[in-house]
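*Asks:* Chain residues, written in single-letter form:
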Amino acid sequence: MGFFLETFFGGLMAGMLYSLIALGFVLIFKASGVFNFAQGAMVLFAALAMARFAEWVPHWLGTDSKLLANGIAFVLAMACMVAVAWLIERLCLSKLVNQEPIALLMATLGITYFLDGFGQMLFGSDIYKIDVGLPKDPMFLFEQTFPGGVLISQEDLAAAVIAAALVAVLALFFQKTSTGRALRAVADDHQAAQSIGIPLSRIWVIVWSVAGFAALVAGIIWGSKLGVQFSLSQVALKALPVVILGGLTSVPGAIIGGLIIGVGEKLSEVYLGPSLGGGIEIWFAYVMALLFLLFRPQGLFGEKIIDRV
Amino acid sequence: MSVHRPIGEVILDVQNISLRFGGVKALTDISFNVREHEVRAIIGPNGAGKSSMLNCINGVYVPQDGKISFRGQTFSHMNSRQVAEMGVARTFQNLALFKGMSVVDNLMTGRNLKMKTNIFQQAIRWGAAEREETANRAFVEHIIDFLEIQAHRKTPVGRLPYGLQKRVDLGRALAMEPSVLLLDEPMAGMNVEEKQDMCRFILDVNDEFGTTIVLIEHDMGVVMDISDRVVVLDYGKKIGDGTPDEVRANPDVISAYLGTSH
Amino acid sequence: MLDHAAKRPDAPALREKEYGIWQTTSWGQLAERVRSLACGLAAAGLTRGQHIVVIGDNRPRLTAAMLAAQALGAVPVPLYQDAAAAEFSFPINNAEVRFAIVEDQEQVDKLLEVREQCPQLAHIWFDDPRGLRHYAEAGLASLDTLLEAGRLHDKSHPTLFTHEVALSQPGDVAAMFFTSGTTGHPKGVVHTHFSLLDRAAAGKTFDKLTEDEEVLAYLPPAWIGQNIFSFAQWLACGYIVNCPESAATVSIDMKEIGPSYYFAPPRIFEGMLTTVMIRMEDASAIKRALFRHFMALAKRVGTALMDGKPVGVIDRLRYAIGNVLIYGPLRNTLGLSRVRVAYTAGEAIGPDLFSFYRSIGVNLKQLYGSTETAVFVCLQPDHEAKSDTVGVPVDGVQLKLSDSGELLVKSPGLLKEYYKNPAATAEVLTSDGWYHTGDAGFLDAGGHLKIIDRAKDVGRLLGGANDGAMFAPKYVENKLKFFPHIKEAVAFGDQREKVCAFINIDFEAVGNWAERRNLPYAGYTDLAQKPEVYALIRDCVEQVNADLARDELLAGSQIHRFLVLHKELDADDGEMTRTRKVKRGFINDKYQVLVEAMYEGRPEQFIETAVKFEDGRSGSVSATLKIQDVKTFAPTRRAA
Amino acid sequence: MLYRENGQFKTSYRADQQIFPIRQDRVVIVAFLALAFVVIPGLASEYMLRAILVPFLILSLAAIGLNILVGYCGQISLGTGAFMAIGAYAAYNFNVRIEGMPLLLSLVMGGVCSTAVGVLFGIPSLRIKGLYLAVATLAAQFFTDWAFLRIKWFTNDSSSGSVNVSGLQILGWHIDTPADKYLFCLGLVCVCALMAKNLVRGHIGREWMAMRDMDVAAAVIGIRPVYAKLSAFAVSSFFVGIAGALWGFVHLGSWEPAAFSIDRSFQLLFMVIIGGLGSIMGSFFGAAFIIVLPIVLDNLPYWFGIPVDTALASHLTNMVFGALIVFFLVVEPHGLARLWSTAKEKLRLWPFPH
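Chains as they are written, first to last, in my numbering: chain G, 1 to 309; chain W, 1 to 262; chain D, 1 to 640; chain E, 1 to 354.
Just chain G, same shape as in the assembly (with noise of 0.2 Å):
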């Protein structure tokens, strides 16, 4: 039982991780219709981006106080999201509106390679660390409810926790902000949005920032864990089914998928994967997700297309 809950609550912890980097994809998706496939790159871009001012700004400016290193590591790393999201936005975006969405996902297919390769000539290819001084002692849960209670990883306890937050704040930052709202509007119907004035490019920079920042998060808290290296876009490809599964839509649709992906994905690993020969994770979640679409097509949370003629 201990053992269960343990691979349950692991689970949970990944699953917010998946969660993190789906929210991403939601983000953008609904803002702008794309189907951002270079999510992954731009967590790799934003890791790298953090690892190495961290290891540079007390170069630069001799000071030894790690706390301000990243602080200021963090700042710049956000920074070079925005400027990334803008030029986005600007080169590609802008001239690709009204395209079917297939395109704009090969759009984005194409600057998940760009970002690779950009992201690896500024910063290295090497593999760097990330220290935000995430805990790393296991801690001990219901120890009187069951023998030996259950084993939890703090690290993945505060990441989850950061992911929490982040999420709430997002949600905030939809439902009370004005750009919010014009985000939401946006999302709803481009032309309505256009005609009532919101500034689509704009709104596009900012969600792509977000959506960004977003990255980064998940980019610090992935790489203190795993440090930061090129497998980290990976990770992307993991969130992939969280989304469908969620909808694509839906921001209550990533969190809840991550959660669900996250768990199926460590129990079928621990009790399945065995008799499987192992490994099993790769390719589980998204037979999770393709079976559950077969029954509904457009996700847990996603809208229903009704195509008139």
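None of these hints come from the bench; they were simulated from the model. The structure presented is a predicted model; accordingly, all values stated were derived computationally and were not measured. One thing to keep in mind: the hints can contain errors.
Claimed, not checked - Quick list of the computed label-pair ranges, beta carbon to beta carbon:
1. D:Gln543 to E:Ile22: 35 to 43 Å
2. E:Cys190 to W:Glu9: 52 to 60 Å
3. G:Gln191 to E:Arg23: 44 to 52 Å
4. W:Gly163 to G:Val169: 34 to 42 Å
5. D:Pro603 to G:Ser94: 18 to 26 Å
6. G:Ser94 to D:Ala247: 46 to 54 Å
7. E:Glu345 to D:His157: 52 to 60 Å
8. W:Pro6 to D:Gly49: 42 to 50 Å
9. D:Gly45 to E:Ile22: 45 to 53 Å
10. E:Ile22 to D:Val313: 30 to 38 Å
11. E:Val216 to W:Arg71: 18 to 26 Å
12. G:Ser178 to E:Val331: 31 to 39 Å
13. E:Asp176 to G:Gly124: 38 to 46 Å
14. D:Val313 to E:Leu2: 39 to 47 Å
Unchecked claim - In silico SDA-like cross-links for lysine to any residue, where the CA-CA straight-line distance does not exceed 20 Å:
15. W:Lys154 to E:Phe9
16. D:Lys255 to E:Phe20
17. W:Lys99 to E:Leu339
18. E:Lys344 to D:Met280
19. E:Lys10 to W:Arg131
20. W:Lys154 to E:Arg14
21. W:Lys195 to W:Gly221
22. D:Lys287 to E:Arg4
23. E:Lys10 to D:Ile252
24. D:Lys626 to D:Tyr521
25. W:Lys116 to E:Arg201
26. W:Lys154 to E:Ser341
27. E:Lys346 to D:Arg288
28. W:Lys99 to E:Glu332
29. D:Lys287 to E:Leu2
30. E:Lys10 to D:Asp212
31. D:Lys456 to D:Arg288
32. D:Lys208 to D:Gly171
33. E:Lys10 to D:Tyr521
34. E:Lys10 to W:Thr134
We put the beta carbon where it would ideally sit given N, CA and C, even for glycine.
Let chain G serve as the given structure and place chains W, D and E on it in line with the hints.
*Replies:* Same frame as chain G, but now just chains W, D and E:
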């Protein structure tokens, strides 16, 4: 019309069709029938549910209640393929042509039901497949000739002016050699001249091939001229049915049309 | 025809583009069809000497019908398919026609319209049944039924066809053509088998035509020219006649077929050139530069090559390059790549227009002839084509000039008579067999005939600066019409002190020109009166004047004032003949006010004119037309 | 400019419907084939054949397959690599498990197996549209990656997990020199390409395009979405499968699942985009472009004598790829094929612009 057509017995019979999208009632309890060889019009203001009606008939939408019987067989809902096989063809209000293809190819798609060779024969494209292609091409060419679009045969439909695209749309339907032809606002957005041409074509079709025609239009004038019987819809309900003159006299119809600036 | 069928039954005789491909009829099939048709007609009561009208575009089955009629010794009378119904009634009555074979619903409708006036018109057969299903009129049937009847009749009377064919003599009447007379009723020109075939043969030998020539038949078959080229000569040579799919696709079909033997009146060539010029104007700068450069070269070299004059090696080389870059592609897009011999006739052709085609390597030549002479009177031999002459007499033709300077012709191809019109016949046909062409002209040193104008049109200026100077309106008009922006022109000046002209802008060309200068206009009338357009036209006119000034004979004909007409001159309004020749007299009367205004030197003049629209309705156009003066030039002696 | 179309009139539909209706085109294509079959094997260097031409041919075939699915039927797939893998491993298994299995047959069987799986993974396309489908196809990719890595049976229990075939021969023709390999691939690719062309210009092809352009209308004129889509998946994966088998057998000789990773899928997708969606010819262009470009980019510095370390070079290549994809999508969504055809049009109309 000067030309007299032998109007036959009922071929298509729509019984108490109701259609809802979620809460929205598109059609409520619509019934009417279509006789062989006649030109039957469905008119009504915008959003009266005219197109939805057609979509129910050829299986794009599935009505919640009601039956449709065609040549005696009765269906609770139609399946597009069956409908096509039973010889019902249809054109679309806002052109649904295959933009990526040439005029000829668009018409050829209309022949797909007639083309039987399997995928392997086509891959080799020798003998049967070739012969089939040629035979159907010949048929399609007759339609091209009929619609007088020879000059545009090989142009991608996307490049044609609207009026001609409408013709191609009609052509694609004709390529199916339909016994019943559903026309969804065939004259929408056309200038007077184009409308006249279209009318001529519609009557010629009905006349040369004896095709039964069901057409939707909100241009009253045209409809009254060319159709034998008219159904009037408003807000998803049937408010009139009969010969053009009867309909013209019908108070509900008048009010409905005055109500909606037509 | 029959011996073609006998010799090479499988060789293609006719091709028609229908249903997207060129449906071919071999001589064998043709013979078969003609036989059935003939028998059918016979069964229907068509007998030797009777007339039968054929109305429609060039369609194989109509051609076959004409042959069938001739086989029976009957006389086919082709009429213009674009004529209004009313215009049919005279010829039909005049020739007591009882039978008609027509193309489609349109023609049937017209005939039915005039049926009251022509009660004797008993049978009408149509080629294309579309839309005719519900016509219940008596005597109306489709060609297929006729063919069917024919086959049956043939079975019952197997010898009839051969017998009838054997009966006909060269001297028998082959066909009758109604001349679109510029005045009064059209006259039926009667031609015998001999006259037509002899001329056809003459033309054949003259240009060494073979049975492999490809010909595109796209002009009204009722016009003698088309008839000779796609009927008489077709029979004489046995080459292949191709019928385009529809009026809209002629240029496409022309490009596909690439005729090797081509005949067209100047306006067709003019139209082609205009479109070339327009399309070039949209081309990129480089292309335009290339085009200009090589056209200049062609003007120098190409024409010389055509005329077989010696040309330097370098020039030959450069011309070859030009041929790859410009001339070849040009010929290709115009559908003239394969042309061996091309003729133009009907009216004088603009010199630049003429040399344009020759310079890009199209062997364009002129011929002289008319309905009455079965076309071939004079032909230009290869290498000897000049724009201002019409060539040397074909063998069998004698020419002489009457003292009034009118040209007289004696040739085997002369008409037999004007049908039921001995007066008219006597007028043109002298007892000793000379035909009055009514053209003024003379033979130049090289023995080439040079036509100046219609004899009756050639006038003299009266009073003013150059009193008594010769004035050849057509000559001036043609010069004007060469400019792509000018569609028609009418020059006045006979018995007046100076020359003035009406101009008809070419709507397509000028409209295009206006759009590229984004100059907004509301329609033809509006565009015509734009000051910019006037400026444009004035340049053209002044160039013409400069040109005329160089010719001491015609220096007096320089244009002093002009106006741009507010409507296009149109055959439907009787301003032109069906062959689009301007009826100067008629226009003079119709637009009296304008003419006066021009001579009285008013700056502008209001006018309202009635017009007939395509669909037969009629309305009126009115406008206030500006009149402008043009710079003229002192006569300059041409360096000898 | 070089076209002379006068007198090229068609007297039968057969003539009108041939692949190259214009005589000049036919001449060019024949000349080109002659060059490819006769001249190149003689002249091209070993490296040229091995490292450029053979991969080019094989990937062209794969691209054709993908193009049928994406370009003609409008069903996006990100799992092409998977189907190549299936083709390769299936062919391998037929080859090693069945004694004296003829090479061609095992290749074709590779294609057939991949077809079967393709149809299986195509089923979702009946319910799922567009982006959802795109992601769904990734399932295929990851599943096969895993399967061929973990399930020993597929790799014939080879210890290293990598498999290898050798001693290719058909009817006594030993395919070992690069030239042989090249000719073999060329032949096979030409045949497949012709078949593909025939399909897309036949009525099945029209059904695919109809589904792509306007699926509701397609259904109304009696096209069955199930049949149209699944047949597209089937045909597509068949060609992809054969390509995969060739890739393994002829090009690599010995390989492991990594050879058919998701990157391969993307690479093919790029070929199709850059080459031109909905064009067989374009598939060749795209393949050529994507294969030649990195080689050029790698060598460019050396030609200019600028030393660049390989890592940087690969990053650069990535960037250029990415940029190009976006560039093409923005500037010419129909890819090289469209550029080609417009150029051709211009030549036909020369000297006129339109």
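*Asks:* Against this structure, judge whether each hint is valid.
*Replies:* Consistency of the hints with the structure:
1. For Gln543 of chain D and Ile22 of chain E, the hinted distance range of 35 to 43 Å is satisfied, since their beta carbons lie about 41 Å from each other.
2. A hinted range of 52 to 60 Å holds for the C-beta pair Cys190 of chain E and Glu9 of chain W, which are about 58 Å apart.
3. Look at Gln191 of chain G against Arg23 of chain E: about 49 Å separates their beta carbons, and that is inside 44 to 52 Å.
4. A C-beta distance of roughly 55 Å is found between Gly163 of chain W and Val169 of chain G, which places it outside the suggested range of 34 to 42 Å.
5. Between Pro603 of chain D and Ser94 of chain G the beta carbons are some 56 Å apart, a value that contradicts the proposed interval 18 to 26 Å.
6. Checking the proposed 46 to 54 Å range against Ser94 of chain G and Ala247 of chain D shows it holds: the Cβ atoms sit about 47 Å from each other.
7. Taking 52 to 60 Å as the suggested C-beta distance range, the pair Glu345 of chain E and His157 of chain D conforms, at roughly 58 Å.
8. Between Pro6 of chain W and Gly49 of chain D, the C-beta spacing of about 46 Å keeps the proposed range 42 to 50 Å intact.
9. The hinted range of 45 to 53 Å is satisfied by Gly45 of chain D and Ile22 of chain E, whose Cβ atoms lie roughly 52 Å apart.
10. Between Ile22 of chain E and Val313 of chain D the CB atoms are about 34 Å apart, so this pair conforms to the stated range of 30 to 38 Å.
11. Take Val216 of chain E and Arg71 of chain W: their Cβ atoms lie about 24 Å apart, and the range 18 to 26 Å holds.
12. Separated by about 36 Å at the C-beta atoms, Ser178 of chain G and Val331 of chain E satisfy the suggested range of 31 to 39 Å.
13. Range check, Asp176 of chain E to Gly124 of chain G: Cβ separation about 43 Å, and the 38 to 46 Å hint holds.
14. Range check, Val313 of chain D to Leu2 of chain E: about 25 Å between beta-carbon atoms, so the 39 to 47 Å window is missed.
15. As the CA atoms of Lys154 of chain W and Phe9 of chain E are separated by approximately 15 Å, the hinted pair is consistent with the 20 Å bound.
16. For a cut-off of 20 Å, the pair hint linking Lys255 of chain D to Phe20 of chain E stands: about 18 Å separates their Cα positions.
17. Straight-line distance between C-alpha atoms of Lys99 of chain W and Leu339 of chain E comes to about 19 Å, which keeps the hinted pair within the 20 Å bound.
18. Restraint check for Lys344 of chain E and Met280 of chain D: the C-alpha separation of about 18 Å stays at or below 20 Å, so the hint holds.
19. Restraint check: the Cα-Cα separation between Lys10 of chain E and Arg131 of chain W comes to about 17 Å, which is no more than 20 Å; the hinted pair holds.
20. With a C-alpha separation of about 15 Å, the suggested pairing of Lys154 of chain W with Arg14 of chain E holds against the 20 Å cut-off.
21. Taking the CA atoms of Lys195 of chain W and Gly221 of chain W, the gap is near 11 Å; set against the 20 Å cutoff, the hint holds.
22. With a CA separation close to 19 Å, the supplied pair Lys287 of chain D and Arg4 of chain E stays within the 20 Å bound.
23. A threshold of 20 Å between alpha carbons decides the hint, and for Lys10 of chain E with Ile252 of chain D the separation of about 13 Å falls inside it, so the pair holds.
24. For the hint linking Lys626 of chain D to Tyr521 of chain D, the alpha-carbon distance of about 17 Å falls within 20 Å, and the restraint holds.
25. Between Lys116 of chain W and Arg201 of chain E, the direct Cα distance comes to roughly 15 Å. Compliance with the 20 Å bound is thereby established for this hinted pair.
26. At roughly 15 Å between alpha-carbon atoms, Lys154 of chain W and Ser341 of chain E fall within 20 Å of each other, so this suggested pair holds.
27. Taking the CA atoms of Lys346 of chain E and Arg288 of chain D, the gap is near 15 Å; set against the 20 Å cutoff, the hint holds.
28. About 17 Å separates the Cα atoms of Lys99 of chain W and Glu332 of chain E, which keeps this hinted pair within 20 Å; it holds.
29. For the hint linking Lys287 of chain D to Leu2 of chain E, the alpha-carbon distance of about 15 Å falls within 20 Å, and the restraint holds.
30. Distance hint between Lys10 of chain E and Asp212 of chain D is fulfilled; the C-alpha atoms sit about 17 Å from each other, no more than 20 Å.
31. Between Lys456 of chain D and Arg288 of chain D the alpha-carbon distance is near 44 Å, which puts this suggested pair outside the 20 Å criterion.
32. This hinted pair does not check out: Lys208 of chain D and Gly171 of chain D have alpha carbons roughly 26 Å apart, beyond 20 Å.
33. The suggested pairing of Lys10 of chain E with Tyr521 of chain D is violated, with an alpha-carbon distance near 43 Å, which exceeds 20 Å.
34. Annotation: proposed proximity of Lys10 of chain E to Thr134 of chain W holds, straight-line Cα distance about 13 Å (limit 20 Å).
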